[in-house]
Structure formats: C-alpha cells, structure tokens
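The listed protein sequences derive, respectively, from chains A and B. Residue numbering for the first sequence follows the numbering used here, beginning at 11 and increasing consecutively. Residue numbering for the second sequence follows the numbering used here, beginning at 42 and increasing consecutively.
Bear in mind the hints are in silico, worked out from the structure with no lab data behind them. Backbone N, C-alpha and C define an ideal beta-carbon position, used for all residues, glycine too. Take these hints with a grain of salt, some might be off.
With beta-carbon atoms standing in for the labels, derived distance ranges [said to hold, decoys possible]:
1) B:Phe220 with A:Asp88: 53 to 61 Å
2) B:Leu221 with A:Lys118: 51 to 59 Å
3) A:Glu95 with B:Arg153: 17 to 25 Å
4) B:Gly55 with A:Asp226: 35 to 43 Å
5) B:Thr150 with A:Arg192: 25 to 33 Å
6) B:Thr150 with A:Asp226: 42 to 50 Å
7) B:Phe220 with A:Glu230: 41 to 49 Å
8) B:Thr216 with A:Val172: 43 to 51 Å
9) B:Thr150 with A:Leu121: 35 to 43 Å
10) A:Asp226 with B:Asp207: 48 to 56 Å
11) A:Ala235 with B:Gly126: 20 to 28 Å
12) B:Arg166 with A:Lys118: 50 to 58 Å
For the chain B half of the interface with chain A, some residues (derived, Cβ under 8 Å), not all of them [to be verified]:
13) Thr216
14) Phe220
15) Asp241
16) Asp252
Some chain A residues close to chain B (C-beta under 8 Å, calculated; not the full set) [unchecked claim]:
17) Ser147
18) Pro148
19) Leu158
20) Pro171
21) Ile185
22) Asp197
23) Pro199
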Amino acid sequence: MGNDKKGPVGRRGFLKDAAVTAAAFVAEPAAAHGHMHHDHDHGHDHQHQAVPSDVALRVKALESLLVEKGVVDRAALDAVVDSYETKIGPRNGARVVARAWVDPAYKKRLLADPTAAIAELGYSGGQGEDMVVLENSPKIHNLVVCTLCSCYPWPVLGLPPVWYKSAPYRSRAVIDPRGVLREFGLDLPDDVEVRVWDSTAEVRYLVLPERPSGTDQLKEDALAALVTRDSMIGVTKVSPPQAGGRA
Amino acid sequence: MNGVHDMGGMHGMGPVVHEKDEPVFHEEWEGRVYALTRLVRAGGGRWNIDAGRYEIERLPPAEYLRMSYYEKWAARLAIQVVKMGLVTQGEIDSGTPAPGSAKATPQVTAARVPAMVATRVSTKRDVRVKATFKRGDRVRARNMHPTGHTRLPRYARARLGTVVEDRGVFVFPDTNAEFLGEKPQHLYSVRFTARELWGDRASARDSVYLDLWDEYLERV
C-alpha cells in the first residue's frame, strides 16, 4: 500500500499512511525530528529530512478534509492565523499598561473593572473574558503561571511563548518563584513579597509592572514601547530607556 | 485526575528556556492547528473549554511530556472532530468525505473572523447561587482525587488558605468537562502561604493564589 517513496505523495496516500487519528498523533512521537522510524505497516524507509514533518502532513490532511466537508473555510483559517500573528499580541497589553501609567483615572478603572477598562482600548475576546490586573510595587511582585495547562490572556498578550507553556515553568513557578525570576535576570530582595497567581479558572491575569525611573518626560507611545511581554507576565521588570536612548 | 499535566511543584524539569524574538508560530502547521481548533469550536456543537482541556489531560502521560503544545492541540483536534460528529473516523482513515455525505457550510467566513476573535465567551453565569464562603474566611482545599477533570491542583489539596475575593459565579469544570451540566457556583481567589504549601524552607513572605470553586473548599 504505501506511497511511492520517490514520487509525490498524494493527500489520500499520506492520509491513509499517516492515519490522521489521535492514535497516530500519539503513537509516532519522534517523526517530527526526522531521524526515527514509525511502525507503519508499509514499512517504507524514506528519509524525513527536507520534507515536512509527519505532524505537519497530518495537520494538512486534516485541514483538507475539514475544508472539503465544508466544516471550515480556508480563508477564515488564514484570517485567524493572521489575527494572532499581526494584531493580537503583547503590544495590546503594553498600550494598556502605558495608559495606566499616564492616566490615573484609567488606572483606577483598570484595577476596579479590568475587563471593561481593557475593552475601552479595543481589546477583548477569547481567553480575556474575565480579567484581573495585578499591580506591582516596590514591595509586591506578582507572577502569573498556569500549572495545569497554559492559560494566558490572549487579547492583551497574544498567544503564549513556549517557555510559559513548558514543564519547567509550570512546575517551578509555584514552588521556586524566586529561582525562576533569577533565571530571567530578576533577583528580588528578601523584603519584596512575591505573589504567584496560578490560573486555575477562567480568570486571566495581566501584571501592571512598575513604571521605570527616568521616564517622566516620556509620552504614552514611548512608554508603551518600553513595556515587554515578560514584564506583563511578571517574570521581569520594565527597564528604563537605555542611556542616550530615544524618548 | 492525578495526571502529569498537574505539574505545580514537580522537580527535575530543568531550567526555563527563554527564546529571544520568538515567533507566534514556529512552523506553519502550528498556526493551522490553532486556527482549525478555533473555527471548529466556533461552529457550535458538543464542545466546551473544560472538555477540551480534559481531552489533552487524557493523552498518554509519556506522550504528554514529549509533545509540544501544538502537537497536543493537533492530537486533540483529531479526536474532537470525530466526537463532535463533524467527520467520521472512516473519513479520517480514507482521507476523503464519505460518498454521498452531506457537505456543510462553514459557520465562520474570513469576514467574520475579526468579530469571532474579539467575542467574549465568558463562563461567568448571572445566576443566584449561595456563596458558602466570604472574603477573609479560612478554608481548606479538599483532599479529593477525582479520576475525571478537575482544576484543583494536587499541590493545594488539604492545604489551608484564606479567601481573598469572591469572583462571582462560574461554570464548574469538573462536571462541564464531561457534559454533566454547568453546575455554576462561586469561585474564590484563595491565598496560600508558600510555607503552608512548601514547608519551612519557603519564603515566609511569599504566597500562591489560586482560583477555586466552592466545591473544592471546606470550612476550617
């Protein structure tokens, strides 16, 4: 049965070979690395280098089937990918933070009714339904994790980075937050209280970092440019503008 | 379930590896899996966020640990579309729609995507449910070990904490994940000191906050 190993692989052929089932996704772990073999019944021996990984092929096959069945629209898929690659990301959260730094009334609303205040700037949607904003201060440092999966406030931070979803971060943030912070270059003195927020429910957290010193003259846009994704998760602080940096 | 997904407090996972200038999706298929999952869900049908998490938690433990985040999503998607009745296993096996099978009309067009991604689908419920606890109450997280889905991590079970906020009434994941009803109940922000969770070597100043449902807690 299998594909001609030298010829182009038809969709039907690799669908059959790859058996786009969860079992196949689960049972063929190493294929994506391109150097180990699976126990397909056709026993082909093609090399994987320079061809898409098995998971890529299976996803492509699944997409084609779902499009053909009329379940999803291909242009809509493109639009979803584009939304999270170009529109819904940490620049949104940075604008929220910068606004809170320059506008005390906004900051008050942001802490009192975060979801509504964030929506004022046009950000809302999936995984940001019920927001809580955590304000860092010289004496309190907040850090956000999801130990059970990878919950993250998509509308303000976009999709989470790999490290946030990784076993090291998820396992250690709650038991050794100060050690994790040191790995991010943040060594907090003993007199600072560390509060770790484990996102166990549908509440999503955004850290409001401290405004760095030396930024009194900066306008909102310039402040927003200083705010990093990591500072809004709470693993770093916002650094002051570099010496001689632009305003 | 006491699965490997419940990672809080585990040792041996290594350092946190931070990637500079990380792309949103490292490979094209990751974006496709993400988008497929979003659109399949937006189409309606028998699905909810807790069921989705539970599906991933039930991947074989060794596979769960090996797979990347989006590999887990891909595995789940293949399970999900069959369970939702959108395709049959036979169609997946053959790679083509069954002869004579009905062709659906996609629920979400590209023009509707901006609205879809901006739409809030809250699991907060505007229903009157009695709150067992209030701010300031001392509580103990129950020593429970359900074999199904739960959002009470092992590291907090049987530990003492303090209710710092009543967040309102939310859908209960443990039943919702198995389509046994939303069972809406109060959700609380509960503070546990680091020493209560991790012992005397933890900082006396630090604490961990969890969002826990009424049924996860008992009065001290």
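Hints, verified against the model:
1. B:Phe220 with A:Asp88: 53 to 61 Å: violated, 32 Å
2. B:Leu221 with A:Lys118: 51 to 59 Å: This hint is violated: roughly 41 Å between Cβ atoms.
3. A:Glu95 with B:Arg153: 17 to 25 Å: holds, 18 Å
4. B:Gly55 with A:Asp226: 35 to 43 Å: holds, 41 Å
5. B:Thr150 with A:Arg192: 25 to 33 Å: With a Cβ separation near 48 Å, Thr150 of chain B and Arg192 of chain A fall outside 25 to 33 Å, so the hint is violated.
6. B:Thr150 with A:Asp226: 42 to 50 Å: holds, 48 Å
7. B:Phe220 with A:Glu230: 41 to 49 Å: holds, 46 Å
8. B:Thr216 with A:Val172: 43 to 51 Å: Given a distance of about 32 Å, which is not inside 43 to 51 Å, the answer is violated.
9. B:Thr150 with A:Leu121: 35 to 43 Å: About 38 Å separates the Cβ atoms of Thr150 of chain B and Leu121 of chain A, which means 35 to 43 Å holds.
10. A:Asp226 with B:Asp207: 48 to 56 Å: violated, 39 Å
11. A:Ala235 with B:Gly126: 20 to 28 Å: violated, 48 Å
12. B:Arg166 with A:Lys118: 50 to 58 Å: violated, 28 Å
13. Thr216: violated, 14 Å
14. Phe220: With a minimum Cβ separation of about 18 Å from chain A (threshold 8 Å), the hint on Phe220 of chain B is violated.
15. Asp241: With a minimum Cβ separation of about 14 Å from chain A (threshold 8 Å), the hint on Asp241 of chain B is violated.
16. Asp252: Cβ of Asp252 of chain B sits 4 Å from chain A, so the hint holds.
17. Ser147: violated, 14 Å
18. Pro148: Since the shortest Cβ distance to chain B is 14 Å, the answer is violated.
19. Leu158: For Leu158 of chain A, the interface hint holds, since the closest Cβ of chain B sits about 6 Å away, which is under 8 Å.
20. Pro171: This hint holds: Pro171 of chain A lies near chain B, its Cβ roughly 5 Å from the closest one there, short of 8 Å.
21. Ile185: holds, 4 Å
22. Asp197: violated, 13 Å
23. Pro199: violated, 10 Å
In the structure shown, a violation is registered for the earlier hints numbered 1, 2, 5, 8, 10, 11, 12, 13, 14, 15, 17, 18, 22, 23, in ascending order.
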